[in-house]
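Visitor: The residues making up each chain are set out below.
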Amino acid sequence: MSLMEEIIAAVEAMPPFPQVVHRALKELSEPEYEVADLVEILKVDQAVTANILKLCNSAYFGLPRKVSSLKEAVVYLGATQLRQLLLSGAVNKIYDQPNEGYAVFADELWRHALATAVMGQVLRRHLKLKLDDNLVFTSALLHDVGKVVLSNFVADRYLEIEKLVEEEGCAFQEAEKRVLGFDHAEIGGRIAVKWDFPPEIVAAISFHHQPARAGKSYRLLTELVALANNLTVMVGYGTGVDGLACRGHGLLLEKLQVKERDLENLLLLFQMEMAKTCDIAGVGE
Amino acid sequence: MALVTVGIADFKVSNNPEDTLVSYSLGSCIGLAVYDPVAGVGGLLHYMLPDSSINQEKAEKNPAMFANRGIPLLFKSCFKLGADKNRMIVKVAGGSRIMGGAGAFDIGKRNYAVLRKIFSKNRVAIAGEDIGGSYNRTLYLQIADGRTSLKIAKKGVVEL
Chain G
1 MSLMEEIIAA VEAMPPFPQV VHRALKELSE PEYEVADLVE ILKVDQAVTA NILKLCNSAY
61 FGLPRKVSSL KEAVVYLGAT QLRQLLLSGA VNKIYDQPNE GYAVFADELW RHALATAVMG
121 QVLRRHLKLK LDDNLVFTSA LLHDVGKVVL SNFVADRYLE IEKLVEEEGC AFQEAEKRVL
181 GFDHAEIGGR IAVKWDFPPE IVAAISFHHQ PARAGKSYRL LTELVALANN LTVMVGYGTG
241 VDGLACRGHG LLLEKLQVKE RDLENLLLLF QMEMAKTCDI AGVGE
Chain A
1 MALVTVGIAD FKVSNNPEDT LVSYSLGSCI GLAVYDPVAG VGGLLHYMLP DSSINQEKAE
61 KNPAMFANRG IPLLFKSCFK LGADKNRMIV KVAGGSRIMG GAGAFDIGKR NYAVLRKIFS
121 KNRVAIAGED IGGSYNRTLY LQIADGRTSL KIAKKGVVEL
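So the protein lines, in turn, are chains G and A. Just so we're aligned: the first sequence equals residues 1 to 285 in this note's numbering. Just so we're aligned: the second sequence equals residues 1 to 160 in this note's numbering.
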């Protein structure tokens, strides 16, 4: 088997996206979802149920009394929070495995994913972008999922990749492509297809290092994810062995005439939001 | 030995020789380590942005996020533990940039420029630094002897 065939086989071998979460997200995307239907879907998975109750009863919400039924929790959290909780729980598990190829510290991929999701939401809100918040959150959270599959391949050929980065000034992702035949972004896109995510999310993941390549109707979302990724990498949220060796995609900043000070203010708002999110998610900042 | 993490937009000071202060993953952020060998007092600041004038109100709650507020705060907190400005050994790391990340993106450069300005105004000398590039750094400060070391992914640990 050639190296590229091996990588494709590894994509095929990825476990499916948790079905309970997939079904619940689908139900939640209905304009008028039924709480009872949602409870029926969720109660099958004990871990998911426990997580929902745990969040509801966490200090963050400071409820006067304990919520003990799933139905009550679903009503209390509402669609947005519930969706984010379900996605975060599922994606956290996907990223949570040894990642020799990319990570320097444990849980780095997850921290980076979470930071990018928070950054994406902050940018969307403050730059007043006409994008669905769920799409932003989901694509940003999953943008590096290809690294889960490519990790071992990168680890095996690391010296070659590093040489291209250091000696030829390649971005890490460009070096992956040259050495392995694929980069983590396109592999992530293939995983998203396999998991049945909608085309805009597939595009945002596939082209988060080359937003200009995304189809026109998916361009804004992809540019946003690319920018959010740039900024979290820059600040240092879960930057792995690839460090800051990625190209800056500032097109969106130019288009929207975001100046130095505006960007600094956005980073300030991001940092405050991130501190809160880490608190809820139990992640170290 | 206790490893004390200094997160983004945070600082820690210590006079406990058991402590090692550490800031992980410095990208465009700057890690500033200061140490008085006579008093055995050291501090580490991990700031993210150059100037608090962008949002004074939020800066009140998060002074360590900014160079102009965090740097004086770090020094003053060390003085409270008996450190003396004239004995301070100062090391700086971080200020990286993404590739082709000029203009608005190059916050690392602005973070470092403000630090230099504050230091030249206050006559503070830098004893060691590692700035810029496109990689991220982890900075350690050992309170027992003031040793600072820098860890760069896949490149190992060097003394600063």
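Hint data in this document are derived by calculation from the structure and do not stem from the laboratory. Watch out, some of these pointers could steer you wrong.
As the list claims (entries may be wrong) - Here are the simulated lysine-lysine pairs, DSS-like style, with alpha carbons at most 27 Å apart:
| hint | chain 1 | residue 1 | chain 2 | residue 2 |
| --- | --- | --- | --- | --- |
| 1 | G | Lys163 | A | Lys58 |
| 2 | G | Lys93 | A | Lys154 |
| 3 | A | Lys61 | A | Lys76 |
| 4 | G | Lys128 | A | Lys58 |
Claimed, not checked - Derived DEER-like restraints, expressed as beta-carbon distance ranges:
| hint | chain 1 | residue 1 | chain 2 | residue 2 | range |
| --- | --- | --- | --- | --- | --- |
| 5 | G | Lys163 | A | Glu18 | 35 to 43 Å |
| 6 | A | Lys117 | G | Phe105 | 27 to 35 Å |
| 7 | G | Lys66 | A | Ile89 | 19 to 27 Å |
| 8 | G | Glu72 | A | Lys117 | 26 to 34 Å |
| 9 | A | Ala39 | G | Glu168 | 43 to 51 Å |
| 10 | G | Arg261 | A | Lys155 | 29 to 37 Å |
| 11 | A | Lys155 | G | Asn152 | 17 to 25 Å |
Note that CB positions come from ideal geometry on N, CA and C, so glycine has one too.
Visitor: If a hint holds in the structure, say so; if it does not, say that too.
Guide: Do the hints match the structure? See the list:
1. G:Lys163 with A:Lys58: Judged against 27 Å, a Cα distance of about 43 Å means the pair is violated.
2. G:Lys93 with A:Lys154: It holds: about 26 Å lies between the C-alpha atoms, which stays within 27 Å.
3. A:Lys61 with A:Lys76: Distance ~17 Å between A:Lys61 and A:Lys76 Cα, so the pair holds.
4. G:Lys128 with A:Lys58: 21 Å, holds
5. G:Lys163 with A:Glu18: 35 to 43 Å: About 41 Å separates the Cβ atoms of G:Lys163 and A:Glu18, which means 35 to 43 Å holds.
6. A:Lys117 with G:Phe105: 27 to 35 Å: Because 33 Å falls inside the window, the suggested range holds.
7. G:Lys66 with A:Ile89: 19 to 27 Å: 53 Å, violated
8. G:Glu72 with A:Lys117: 26 to 34 Å: With Cβ atoms ~56 Å apart, the hint is violated.
9. A:Ala39 with G:Glu168: 43 to 51 Å: 48 Å, holds
10. G:Arg261 with A:Lys155: 29 to 37 Å: Since the Cβ atoms of G:Arg261 and A:Lys155 sit about 34 Å apart, the hinted range of 29 to 37 Å holds.
11. A:Lys155 with G:Asn152: 17 to 25 Å: Since A:Lys155 and G:Asn152 have Cβ atoms about 21 Å apart, the given range 17 to 25 Å holds.
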